[in-house]
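Protein chains in written order, with our numbering: chain F, 1 to 430; chain H, 1 to 430.
Please keep in mind that the hints were generated in silico from the structure rather than gathered at the bench.
If you're wondering where the values come from, they're calculated on a predicted model, not measured in any experiment.
Some hints here could point you the wrong way.
For chains that are exact copies, the list does not tell them apart, and a pair is met inside one copy or across any two.
[To be verified] The list that follows gives simulated cross-link-like pairs (lysine to aspartate or glutamate, DMTMM-like), each with its CA atoms no further than 20 angstroms apart:
1) K97 - E114
2) K272 - E77
3) K200 - E32
4) K91 - D261
5) K97 - E27
6) K8 - E61
7) K35 - D24
8) K271 - E196
9) K35 - D25
10) K390 - D241
11) K97 - D58
12) K149 - D314
13) K200 - E318
14) K39 - E286
There are 2 protein chains.
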Amino acid sequence: MNKIYNPKPETWSSILERPTKTVDDIEATVKEIFKEVQKKEDEAVAKYTSLFDGVTVDTIEVSKTEIDAAVASVSDELKAAIALAKENITKFHTAQKTNRVAVETIEGVSCWQEKRPIQKVGLYIPGGTAPLFSTVLMLAVPAKIAGCKEIVLCSPPDKNGQINPAILFAAHLCGVTKILKVGGIQAIAGLTFGTETIPKVYKIFGPGNQFVTVAKQLATQFGVAIDMPAGPSELLIVADDSAVPAFVASDLLSQAEHGADSQVILVSTSKKLIDAVEDEIQLQIELLPRKEIAEKAIANSKLIFVENDKIALDLINEYGPEHFIVCTANDDFYIDEIENAGSIFIGNYTPESAGDYASGTNHTLPTNGYAKNYSGVNLDSFTKAMTFQKISEKGIQNIGKAIEIMADAEGLQAHKNAVTLRLNAIENGK
Amino acid sequence: MNKIYNPKPETWSSILERPTKTVDDIEATVKEIFKEVQKKEDEAVAKYTSLFDGVTVDTIEVSKTEIDAAVASVSDELKAAIALAKENITKFHTAQKTNRVAVETIEGVSCWQEKRPIQKVGLYIPGGTAPLFSTVLMLAVPAKIAGCKEIVLCSPPDKNGQINPAILFAAHLCGVTKILKVGGIQAIAGLTFGTETIPKVYKIFGPGNQFVTVAKQLATQFGVAIDMPAGPSELLIVADDSAVPAFVASDLLSQAEHGADSQVILVSTSKKLIDAVEDEIQLQIELLPRKEIAEKAIANSKLIFVENDKIALDLINEYGPEHFIVCTANDDFYIDEIENAGSIFIGNYTPESAGDYASGTNHTLPTNGYAKNYSGVNLDSFTKAMTFQKISEKGIQNIGKAIEIMADAEGLQAHKNAVTLRLNAIENGK
Chain F
1 MNKIYNPKPE
11 TWSSILERPT
21 KTVDDIEATV
31 KEIFKEVQKK
41 EDEAVAKYTS
51 LFDGVTVDTI
61 EVSKTEIDAA
71 VASVSDELKA
81 AIALAKENIT
91 KFHTAQKTNR
101 VAVETIEGVS
111 CWQEKRPIQK
121 VGLYIPGGTA
131 PLFSTVLMLA
141 VPAKIAGCKE
151 IVLCSPPDKN
161 GQINPAILFA
171 AHLCGVTKIL
181 KVGGIQAIAG
191 LTFGTETIPK
201 VYKIFGPGNQ
211 FVTVAKQLAT
221 QFGVAIDMPA
231 GPSELLIVAD
241 DSAVPAFVAS
251 DLLSQAEHGA
261 DSQVILVSTS
271 KKLIDAVEDE
281 IQLQIELLPR
291 KEIAEKAIAN
301 SKLIFVENDK
311 IALDLINEYG
321 PEHFIVCTAN
331 DDFYIDEIEN
341 AGSIFIGNYT
351 PESAGDYASG
361 TNHTLPTNGY
371 AKNYSGVNLD
381 SFTKAMTFQK
391 ISEKGIQNIG
401 KAIEIMADAE
411 GLQAHKNAVT
421 LRLNAIENGK
Chain H
1 MNKIYNPKPE
11 TWSSILERPT
21 KTVDDIEATV
31 KEIFKEVQKK
41 EDEAVAKYTS
51 LFDGVTVDTI
61 EVSKTEIDAA
71 VASVSDELKA
81 AIALAKENIT
91 KFHTAQKTNR
101 VAVETIEGVS
111 CWQEKRPIQK
121 VGLYIPGGTA
131 PLFSTVLMLA
141 VPAKIAGCKE
151 IVLCSPPDKN
161 GQINPAILFA
171 AHLCGVTKIL
181 KVGGIQAIAG
191 LTFGTETIPK
201 VYKIFGPGNQ
211 FVTVAKQLAT
221 QFGVAIDMPA
231 GPSELLIVAD
241 DSAVPAFVAS
251 DLLSQAEHGA
261 DSQVILVSTS
271 KKLIDAVEDE
281 IQLQIELLPR
291 KEIAEKAIAN
301 SKLIFVENDK
311 IALDLINEYG
321 PEHFIVCTAN
331 DDFYIDEIEN
341 AGSIFIGNYT
351 PESAGDYASG
361 TNHTLPTNGY
371 AKNYSGVNLD
381 SFTKAMTFQK
391 ISEKGIQNIG
401 KAIEIMADAE
411 GLQAHKNAVT
421 LRLNAIENGK
């Protein structure tokens with residue numbers, strides 16, 4: 001752990017620097033696979049599934065029989081836990097529904113904004129050691145509430161050609177319309193172009209490794225939207241003597257176990273707390289099954305002492321953490337003044353893992369400083385805002401002159417003429 | 001004009017195909033200029049301003065004296081028109097403010113969502129023949145309402161090293177914090193990396209030519225967000241015998257005068273209307289100063305006859321027009337059922353130019369089919385949604401078990417431990 005005392009503001013950006021990704025060498029591979037999937041569709045998908053996942057899948061689409069078997073195999077205990085999480089996520093995301101915004105901006109000019117669902121969305125769920133069924137909840141629940149018609153989930157098959165039962169159970173529970181055994185670059189390419197079995201979608205959501213991340217970026221060049229650019233997960237905690245060191249340490253470790261490149265930062269106005277947390281980390285890390293991963297992330301972690309809350313806040317806003325835990329005597333100051341953070345966890349009894357699973361907030365959040373300009377996934381991520389306007393004869397008379405003058409000043413005579421014709425027609429009709 | 005009768009659904013996508021952009025050859029140039037601006041900052045910016053705009057600008061930032069002179073030189077008539085437009089845009093975008101969404105998802109678990117402004121935004125306003133001061137209103141007004149702290153406007157200088165007075169007037173009126181005489185790729189690069197005089201921003205908005213469009217796309221690879229991918233402007237009108245042919249023709253022409261690559265489409269269930277609109281276009285086009293441009297766009301335009309409103313709607317939803325004018329006996333059907341469109345204009349007295357200038361809706365809209373997955377610029381474009389959560393002892397007891405089970409099933413023991421420690425502490429404290 002790196003302890004840093006009173007760093008000068010001009011050093012913050014280098015202290016808090018994230019690991020830079022080198023995508024250039026991956027990009028060529030991703031482009032090649034995209035080209036091949038665009039051309040050869042399912043044939044190319046099968047080839048790369050065989051190559052990367054080491055398995056041949058006869059039928060990409062998960063069958064009803066497979067889903068039934070998965071539902072039967074998940075323990076009642078896990079089912080109940082998932083149901084509770086789903087209920088909270090549903091409540092919080094349903095509350096995010098917005099009403100039609102309607103304004104008569106001037107007499108006779110009615111304008112309104114409505115949000116309508118993105119019709120076809122793709123959800124990517126990584127495979128690997130940890131079956132991320134929680135991410136299924138975080139993406140499929142708001143997609144369903146938003147009213148997306150086609151909700152396509154892609155996840156790589158394991159060596160036996162299967163998807164983890166908990167993922168299938170969650171997908172089925174949340175109303176996913178199609179589940180496909182396909183992962184990696186070939187999944188993103190399939191969702192981008194469409195193949196014989198993979199539907200083309202309008203927006204792709206979900207986490208993934210570097211290959212998936214670069215593939216999602218490339219997808220945007222072919223007309224597909226993505227939830228957000230992705231990077232390694234991050235947690236910044238600001239805590240003082242009102243915090244329980246063991247709790248703080250446990251939260252830092254839960255971030256650290258994600259991966260060796262996880263960003264783990266503690267900012268404090270108390271040297272005592274920093275030391276106590278450091279000791280606690282040493283104790284707790286010994287007991288973790290993913291100790292090796294956590295140790296690497298902890299080795300790169302930063303424990304930063306600053307003189308006061310104002311300096312802490314400025315430093316945190318400059319960093320823009322994905323997850324931000326606030327546990328101080330001065331919580332309201334941070335809550336009110338934080339400008340850049342994905343999700344904020346307040347007080348001793350609000351661990352990050354609550355938001356990761358079951359409190360109701362979404363865990364798909366902006367990393368890598370993107371909290372400065374991107375929202376985490378929320379209900380609106382699955383909709384687009386459309387505007388409507390209806391103008392009466394009276395209305396065009398009220399704004400027509402202004403339009404004519406402005407169009408004229410911009411040198412757009414046909415724009416002006418569209419108004420002039422209408423004003424004349426009204427005039428002549430009288 | 002191409003008249004097409006009853007096209008089969010399988011031909012729609014080829015009939016409605018947009019011109020494909022070839023960005024590959026531009027991309028190398030853009031990348032090179034980005035690299036140079038990142039390294040040499042203002043020196044590189046000056047070099048490319050001299051190269052592309054043919055002028056040497058001593059001071060990039062527009063001075064107060066220049067602004068005062070611009071304000072004095074704009075006619076009272078244009079000032080009044082801009083003031084009216086600003087008022088309507090302000091009303092409609094202010095109405096888009098959303099409240100804090102707060103939910104106690106389960107006893108003791110409080111979750112809320114708040115939108116906070118993106119602190120630093122860049123607005124790009126193209127130069128050229130048409131001084132797009134209307135776009136200044138469309139971007140700066142919502143940026144100000146959202147509460148963005150730094151609003152930086154870039155626009156290329158003319159041969160005399162000046163920015164059009166109407167642009168300066170509008171920028172000043174709307175509270176832009178810095179106006180810079182810099183355009184093209186070098187402006188986008190400057191806003192992306194920051195230079196001695198150009199501030200680095202978090203999100204870049206605004207239209208531009210192919211070079212600016214590719215530059216904005218490249219900016220996203222350096223952590224900057226953009227409003228949306230851009231393409232040539234589009235208008236699709238659905239009209240029947242309830243529409244006035246002269247009005248329909250004037251709207252198609254106002255789209256056509258934007259550029260030779262503008263997309264102009266009429267869909268109708270009336271052959272009579274199609275013929276009448278065609279005649280009107282021939283009459284009106286003769287009178288336009290930008291006739292030559294409009295003629296090219298009109299030559300590529302499509303007049304499509306379909307049997308009924310249901311077919312028309314399906315075709316329109318497949319296209320996803322940027323601007324969509326509805327002028328039929330069956331307007332409500334289209335309003336209710338349209339899934340993909342940027343902005344919708346309803347009835348005989350609602351020309352597209354109303355939305356371009358003064359009705360109050362935003363004119364920065366998704367082109368090129370992006371209406372399927374992107375919102376037009378709106379108040380939320382200048383904010384990001386952040387979530388907060390505060391959990392009490394009771395709250396963690398209510399959801400703690402579920403988190404432990406789920407974290408365990410995902411193989412994330414440290415996530416589980418962060419909850420277990422807290423549950424034990426509560427237990428032991430009792």
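Hint-by-hint comparison with the structure:
For a Cα distance limit of 20 angstroms, the shortest separation of K97 from E114 qualifies both inside one copy, at 11 angstroms, and across copies, at 13 angstroms. Within a single copy, K272 and E77 get their C-alpha atoms no closer than 41 angstroms, and across copies no closer than 67 angstroms, so neither meets the 20 angstroms cut-off. Taking identical chains as interchangeable, the C-alpha atoms of K200 and E32 lie at most 20 angstroms apart only when both belong to the same chain, with a minimum of 19 angstroms there against 34 angstroms between chains. Proximity of K91 to D261 under the C-alpha cut-off of 20 angstroms is found in neither arrangement, the shortest distances being 33 angstroms within a copy and 47 angstroms between copies.
Proximity of K97 to E27 under the C-alpha cut-off of 20 angstroms is found in neither arrangement, the shortest distances being 38 angstroms within a copy and 40 angstroms between copies. Proximity of K8 to E61 under the C-alpha cut-off of 20 angstroms is found in neither arrangement, the shortest distances being 56 angstroms within a copy and 30 angstroms between copies. Both within a single protomer and between protomers do K35 and D24 lie at most 20 angstroms apart by alpha-carbon distance, with minima of 17 angstroms and 15 angstroms respectively. Taking CA atoms no more than 20 angstroms apart as the test, K271 paired with E196 passes in neither setting, with 61 angstroms inside one copy and 37 angstroms between copies.
In this assembly of identical chains, K35 and D25 lie within 20 angstroms of each other by CA distance both inside one copy and across copies; the values are 17 angstroms within and 18 angstroms between. Within a single copy, K390 and D241 get their C-alpha atoms only as close as 59 angstroms, which misses the 20 angstroms cut-off; across copies the closest is 19 angstroms, which meets it. Taking identical chains as interchangeable, the C-alpha atoms of K97 and D58 are never at most 20 angstroms apart, the minima being 41 angstroms within one chain and 51 angstroms between chains. Proximity of K149 and D314 under a CA criterion of 20 angstroms is satisfied inter-copy only: 15 angstroms between copies versus 43 angstroms inside one chain copy.
Proximity of K200 and E318 under a CA criterion of 20 angstroms is satisfied inter-copy only: 13 angstroms between copies versus 38 angstroms inside one chain copy. Proximity of K39 to E286 under the C-alpha cut-off of 20 angstroms is found in neither arrangement, the shortest distances being 51 angstroms within a copy and 46 angstroms between copies.
Checked against the numbered hints given earlier, this structure breaks hints 2, 4, 5, 6, 8, 11 and 14; the rest are met.
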